[in-house]
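A.B. asks: Just so we're aligned: the sequence shown equals residues 1 to 563 in the working numbering.
Everything labelled a hint here was simulated from the structure, so no lab data went into it. Bear in mind the structure is a predicted one, so any value in this text is a computation, not a measurement. Any given hint might turn out to be false.
With a straight-line Cα cutoff of 30 Å, these simulated DSSO-like cross-link-like pairs (lysine-lysine) come out [stated by the list, open to error]:
#1 Lys512 - Lys544
#2 Lys287 - Lys199
#3 Lys198 - Lys287
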Amino acid sequence: MKKRGTRLNWLMAVGLVLVLFVAGCSGGGGGNNGGGDAAKTPTGNEGNAGTNQAESAEPQLYELGKESLDFTFYGNYDWYTMPKWGADETTAWVKDNKKVNITEIPNGGNTVQKLNTMIASGDLPDVIWGERGADVERLREAGLLVPLDDYIDKYPNLKQWLDPKAMNMLRSSDGKLYQFPNWYTNRPNGNAGWVVNKKIYAELGSPKLETTEDLYAYLKQVKEKYPDVVPMETDLASEGHGLDQIYSAFKEDNLSFTRYFAVPSGDTMTSIYKDEAYRESVVYAAKLFREKLITQDAMTQTRDQVQEKLMNGKVAVYASSNPTLYAMQAHAALSQKDPDAGYFMVWPIHKEGLDKNKIYPGTYNMLGWNAAVITTSAKNPEAIFAFLDWWTGPEGMRLQMWGVEGEFWQGLEADGVTPKFTENYTKNKEKLADYQAKMDPVMWVGNTVYVDDIKGKFEATLPENERNWSTYWQYEITWKTQGDATEFINLNPLPDTEEGITFQSAKDIWQKARAQALYAKSDEEALAILDKAHDDTMSIGFQKLLDYYSKRWHENLEIIQGN
Numbered sequence: 001m002k003k004r005g006t007r008l009n010w011l012m013a014v015g016l017v018l019v020l021f022v023a024g025c026s027g028g029g030g031g032n033n034g035g036g037d038a039a040k041t042p043t044g045n046e047g048n049a050g051t052n053q054a055e056s057a058e059p060q061l062y063e064l065g066k067e068s069l070d071f072t073f074y075g076n077y078d079w080y081t082m083p084k085w086g087a088d089e090t091t092a093w094v095k096d097n098k099k100v101n102i103t104e105i106p107n108g109g110n111t112v113q114k115l116n117t118m119i120a121s122g123d124l125p126d127v128i129w130g131e132r133g134a135d136v137e138r139l140r141e142a143g144l145l146v147p148l149d150d151y152i153d154k155y156p157n158l159k160q161w162l163d164p165k166a167m168n169m170l171r172s173s174d175g176k177l178y179q180f181p182n183w184y185t186n187r188p189n190g191n192a193g194w195v196v197n198k199k200i201y202a203e204l205g206s207p208k209l210e211t212t213e214d215l216y217a218y219l220k221q222v223k224e225k226y227p228d229v230v231p232m233e234t235d236l237a238s239e240g241h242g243l244d245q246i247y248s249a250f251k252e253d254n255l256s257f258t259r260y261f262a263v264p265s266g267d268t269m270t271s272i273y274k275d276e277a278y279r280e281s282v283v284y285a286a287k288l289f290r291e292k293l294i295t296q297d298a299m300t301q302t303r304d305q306v307q308e309k310l311m312n313g314k315v316a317v318y319a320s321s322n323p324t325l326y327a328m329q330a331h332a333a334l335s336q337k338d339p340d341a342g343y344f345m346v347w348p349i350h351k352e353g354l355d356k357n358k359i360y361p362g363t364y365n366m367l368g369w370n371a372a373v374i375t376t377s378a379k380n381p382e383a384i385f386a387f388l389d390w391w392t393g394p395e396g397m398r399l400q401m402w403g404v405e406g407e408f409w410q411g412l413e414a415d416g417v418t419p420k421f422t423e424n425y426t427k428n429k430e431k432l433a434d435y436q437a438k439m440d441p442v443m444w445v446g447n448t449v450y451v452d453d454i455k456g457k458f459e460a461t462l463p464e465n466e467r468n469w470s471t472y473w474q475y476e477i478t479w480k481t482q483g484d485a486t487e488f489i490n491l492n493p494l495p496d497t498e499e500g501i502t503f504q505s506a507k508d509i510w511q512k513a514r515a516q517a518l519y520a521k522s523d524e525e526a527l528a529i530l531d532k533a534h535d536d537t538m539s540i541g542f543q544k545l546l547d548y549y550s551k552r553w554h555e556n557l558e559i560i561q562g563n
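Go ahead and model the full structure; you've got the sequences and the hints to work with.
C.D. replies: Here is the structure:
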């Protein structure tokens, strides 16, 4: 799922995703308590003899595994399909040991229509998982969401791992919390960046590959010497992959505002179409495309097609919002057959004259990627929260990242939360990479800090050639080169407001213009497309939406600063 990893992408989304998730893992000997192997919360008044029972009794916790817990799941991304629950060893373990069973509500590839239909009929799934913001507020205002405040203090993990400022930013206008975040963090993280084919690079003499000029020259070499290789793979360009990374190369401190079609200028938000760096990046991308230096099906290809090219070593340069997830698998497969093959990462490409340390091919924020909400259709919302809290805690995250105890880990360290990794962690790197990629679609409430700390601590003890490919490059490059965009989250208006309607129309213009500009036959044509998109967007009242963005942005700043 992309943090997508799964972390699968920073996209502009208008829908929510209904995520119905039930999981459990006792891993290194955790009990059935909803808090997993985090500090146990007492359920009675042991040790309180002589005090009034009503005063001393702690809140009763829902115990995963004591009884069956069934709920429905809906993913509100057109590309998302939930793997069949219980069909793999991990979710089968959860189903058998925690008695949690999840049933997917298919989205049919048209999430906007599907969600609208479910809201209109009142037949909602128990959990919806997707983008934070406008659609969450639409459901909240309709009284269709369950507030989570009553559960936060009862169950230990979310309260322990989520930064209080981030929790406050998640709260709705009524002051209540409805969203359970995914891959939330309090430190830089992310995977966006540039991946290079190791063998091709060496055969071409390992030339300098730092600036946009270097990249252009290198891609031309690849095209000339390797006619069966894609010089630059963008992944799903229709969703911004590759193109956003090119945009980042032309501007310092660029926080990738393609999701709002707007950029900050001073203390206000302005149209992206007039941003000089964006205009340069569009002209550059169109030139690469015209000269067949970028994959020619960038706007139409599928994720499987991209992965096939990577696995076969038919990609020279790969840029995406989450390239480590897929390049990791390909690197493991290729390097196993040929030690000189595989992939590595380079410091983010930048325009000549810019500070390379201020180039951000991707962003992160304290709230992470998206969020899960529990709807009023749920028969037992507390039980679902207990599961989500357990799934985001140490025991649940161990299960998602390293599987059931026995293969990649055995037992726990003295701290009770760190797994003792087996030799299979390093000997079967390809299998572990494949496992994590397959589990990515069910990583709905990922705990970034726990996972990163565990990986980093263990990987630091290994020689370089035995380290996990993804983790190595996260520490070397990607975590150092992601921009903090926390202040710019949740800017979207409600869909049925004037600003919300404008946003949807602006998005339609944006998607059409982005594709047209890539196919432009000249620099002049590319710029003319942007100018027309700007005029069309402003004619539908975009300035009012820009003013709304600015207002929300400054409200975020006040929360972050504690005002």
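A.B. asks: The structure should be examined with respect to each hint, and the outcome stated for every one.
C.D. replies: These are the hints, each one checked on the structure:
no. : hint            : result
1   : Lys512 - Lys544 : holds (22 Å)
2   : Lys287 - Lys199 : holds (26 Å)
3   : Lys198 - Lys287 : holds (25 Å)
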